[in-house]
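S.K.: Protein chains in written order, with UniProt numbering: chain A, 1 to 480; chain B, 1 to 267.
Calculated from the structure, these hints are not laboratory results. If you're wondering where the values come from, they're calculated on a predicted model, not measured in any experiment. Treat each hint with caution, since some may be false.
Using C-beta positions, here's what the derived DEER-type ranges look like [as the list claims (entries may be wrong)]:
(1) B:F147 <-> A:E178: 49 to 55 angstroms
(2) B:K176 <-> A:R330: 40 to 46 angstroms
(3) B:T135 <-> A:Q146: 51 to 57 angstroms
(4) A:M290 <-> B:S87: 44 to 50 angstroms
(5) A:Q146 <-> B:D235: 58 to 64 angstroms
(6) A:S179 <-> B:G168: 29 to 35 angstroms
(7) A:E178 <-> B:G188: 42 to 48 angstroms
(8) A:E178 <-> B:G124: 48 to 54 angstroms
(9) B:E93 <-> A:P143: 30 to 36 angstroms
Simulated pairs of lysine-lysine, BS3-like, Cα-Cα distance not exceeding 27 angstroms [said to hold, decoys possible]:
(10) B:K121 <-> B:K89
(11) A:K214 <-> A:K428
(12) A:K420 <-> B:K248
(13) B:K195 <-> B:K170
(14) B:K113 <-> B:K89
(15) B:K13 <-> A:K428
(16) A:K371 <-> A:K470
(17) A:K420 <-> B:K89
(18) A:K338 <-> A:K203
(19) B:K195 <-> A:K420
(20) A:K420 <-> A:K444
(21) A:K291 <-> A:K371
Where a beta carbon is used, it is the ideal one built from N, C-alpha and C, also for glycine.
Listed here are the chains, written in short residue letters.
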Amino acid sequence: MQTDNSNNDSTTPNGLRKARLAFAISAGKIAGASGRLFHIGGGTSLPGMIARRIDPNVLKSVVGDSKAKKIVITGSNGKTTTARMTAAIADAAGHRVSQNRTGSNLLQGVTSVAVNFADLFGRLESDVLLFEIDEATIPLAVPEIQPDVVVITNIFRDQLDRYGELYSVAQALNSMLESLPETATILLNGNDPQVANFGVNAKARRIFYGLETKDIGTPVPEQSADIIRCIHCNSDFLYEVAYMSHLGLYRCPECGYTLPPLDVAVTSAALADNGEGPSHIKLRTPLGEMKLDIPLPGVHNIYNATAAIGAAVALGFPLDSVQTAMNNVRTAFGRMEKIQAGDKTIFLSFVKNPTSFNLMLRLIAKHEGKKHLLLSMSHTVVDGQDFAWLWDVELEDIAPDILDAVCSGNKSEELALRLKYAEIPTDKIIEVEDREAALDEAIKNVEPGGTLYIMSGYTPTQELRRIMQKRGWVKHFWEE
Amino acid sequence: MSEQKTDTGMVIKIGHLYPTLMSVAADRGNLFSIERRSRWRGISIDVEPIYVKQTPDFTKYDLILIHGAADREMEVASKDIQHKASSLKEAAESNTVFLSVCAGFQLLGHYYKPFDGPELKGVGLFDLYTEGSTTRFMTHMALECKFPETGTKLLVGYENHSGRTFLGSKTQPLGKVLAGWGNNGKDGVEGVVYKNAFGTYTHGPVLPKNPWFTDLIIQRALERRYGKVTLLPLDDSTENAAHAAALKLAMEFKGTMSAIEATAWKH
Ligand SMILES: [Zn+2]
């Protein structure tokens, strides 16, 4: 992997440094524009990549000179939608927001924010800079950004092959938090036993968000839950309620470790019966109680909304326009995105780990009738090499309702095998490696007026979306 | 799946050791594989989870499963398993089948010495020891294995471990490394076999993509109780396609460390 070595600019005259920055930004902008013109991957990381080659300090220079509030959002699941909701709240409060959209959250994509929104002198007009950043990029990106607020949503078993083990991810995040100054704020998900313990020795202020209602959830965490033992004494946690994977109201029977008092808390919640939304919640915030309707479905979107409100609280934004903001947030690309394909409906879901896959399966299970599926996974640098996690996906419950399942991508054999061992009859499992041919095959199986459910990894989701965009079913995602 | 065969009246008694404590990398797929392939042949499965603080008589099981975990979980397991060690060894001596993966495999050896922590004591069921390292072996792998029942067979999987395991004289390796790193990246072998006890670093999980190995485990587990058994053949086209894809990948990756270096997390 290429790393950016900061050049020692102290020997370089100031004028030259500025010229270099301007050259980096303009080259990045041109690359971005031509990327869009030629439809290369949405053109989201190209500007940053080109600009960093020319000036490795481009992100640091642009962000450092800006007076904007800087928010970094990280964690395994929910980054993109949380960022969208936070942006919507800031926007509704009258702030100008710049953010890295469309899930391009590695260092190059993050740098693209600076390149796209800065003028050639490296100046940003924005009041709020919002960075959605992959956990692995955090140790590199945070020192360059110097954020005012860091949000950590959750830590799940996510592409273990990339990070080695869960705890080393946690350790690196923790040392990043300890490096923040006391002027910064850390917003943590209190329902995640590990996240809630982050930054205990940090100088920065810590505040917590989460759910504390018993209206929803299950008595025990699902099978694939990652951290169900006490982080202090290793005893099995007792759960009053588990909301999603290992997130819940936990308590250690041995040492008493439990969740901290929540600053922004969901005190009641009702999910829509149809699996589509809206969810109705009540919240307690430092600014008072509030009711909120969240148009996006599922408990994960309750978390996303609560995190976004927490970020607004951390920045001192008023909360009176939160409902308006929520109504303006549409599903992030490929998050149970509803797509009309002639007289057929498609729900496109991006899944990358057992938690996100199980969430989608649970939503789909609420839709009536038997289901047509298209599953697509590929091993790539972005999607990872190890797909063992598919065996932690709880497919068994939905298996009897599956009419047919097309398996696609260069992991189609793995998917087909997983479905066979969920006891879906092999004559209902169709393998078509090619993405477009698989989409055609899957659509063909759907009756007029019927629905196709697509669940796919990151690269396949992008590619499938590009095919559907070519067919006029969806818009370019950079136009959203 | 094809129709379930008539009930054979046979049952395999499985002890699943630390099912929640040691459950990393979706290795429970191994249990699915054994369950389904037995059931599809009319063989019943009786699975007992065995948790911390429980000390059953392990000789009553035909098959014992123990899977992977991170160092922290392994620390807990290492303390607890000392209370189970003598019974586990007795079971191995009386031909109970063991499938141990990654940390489970390490834990059945003499000890595991993490790179930056105190030594964790193992069971000593396998004559082997493991030492931690700063670098991690992460890649697709392929092994060549040979058993009397199966002849020469290929085993495929994905390895992800920083421990380096060295076998003692009382054991055999599970296979010869064709692609990947194996036990320690030096001696060209992977895993361990002692009587009916198997250890391996292959995740994937290993059994679904290697139906011949699953069937070997099922057969040996049955023979312990019922004497000579011949398993009904199954249609393995889905399994064999996945095996072939994994083998191709392992060969493509041969000689490369891994697609992505986890440098961001190196201390
Ligand atoms: Zn405790």
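S.K.: Are the hints correct? Go through all of them and say.
M.R.: Cross-check of the supplied hints:
Between F147 of chain B and E178 of chain A the Cβ separation comes to about 52 angstroms, which falls inside the hinted range of 49 to 55 angstroms. Range check, K176 of chain B to R330 of chain A: Cβ separation about 55 angstroms, and the 40 to 46 angstroms hint is violated. A C-beta distance of roughly 32 angstroms is found between T135 of chain B and Q146 of chain A, which places it outside the suggested range of 51 to 57 angstroms. Checked against the hint of 44 to 50 angstroms, the pair M290 of chain A and S87 of chain B fails, with Cβ atoms roughly 58 angstroms apart.
For the pair Q146 of chain A and D235 of chain B, the beta carbons lie near 60 angstroms from each other, so the given range of 58 to 64 angstroms is met. The beta-carbon spacing between S179 of chain A and G168 of chain B, approximately 45 angstroms, falls outside the hinted interval of 29 to 35 angstroms. At roughly 43 angstroms, the beta carbons of E178 of chain A and G188 of chain B sit within the given window of 42 to 48 angstroms. For the pair E178 of chain A and G124 of chain B, the supplied restraint of 48 to 54 angstroms is violated, since their beta-carbon distance comes to about 41 angstroms.
In this structure the supplied range 30 to 36 angstroms is violated for E93 of chain B paired with P143 of chain A, their Cβ-Cβ distance being about 56 angstroms. At most 27 angstroms may separate the alpha-carbon atoms for a hinted pair to count; K121 of chain B and K89 of chain B meet this at roughly 15 angstroms. Only pairs whose Cα atoms come within 27 angstroms are accepted, and K214 of chain A paired with K428 of chain A is rejected, the gap being roughly 39 angstroms. Straight-line distance between C-alpha atoms of K420 of chain A and K248 of chain B comes to about 21 angstroms, which keeps the hinted pair within the 27 angstroms bound.
Proposed proximity of K195 of chain B and K170 of chain B is supported: the alpha carbons are some 10 angstroms apart, at most 27 angstroms. Simply put, K113 of chain B and K89 of chain B have alpha-carbon atoms about 21 angstroms apart, close enough for the 27 angstroms limit, and the pair holds. For the suggested pair K13 of chain B and K428 of chain A, the alpha carbons sit about 32 angstroms apart, so the restraint of at most 27 angstroms is broken. Only pairs whose Cα atoms come within 27 angstroms are accepted, and K371 of chain A paired with K470 of chain A is accepted, the gap being roughly 26 angstroms.
As the CA atoms of K420 of chain A and K89 of chain B are separated by approximately 35 angstroms, the hinted pair breaks the 27 angstroms bound. At most 27 angstroms may separate the alpha-carbon atoms for a hinted pair to count; K338 of chain A and K203 of chain A exceed this at roughly 44 angstroms. Distance hint between K195 of chain B and K420 of chain A is unfulfilled; the C-alpha atoms sit about 32 angstroms from each other, more than 27 angstroms. Distance restraint check for K420 of chain A and K444 of chain A: the Cα-Cα separation of roughly 22 angstroms lies within the 27 angstroms cut-off, and the hinted pair is therefore satisfied.
At most 27 angstroms may separate the alpha-carbon atoms for a hinted pair to count; K291 of chain A and K371 of chain A exceed this at roughly 35 angstroms.
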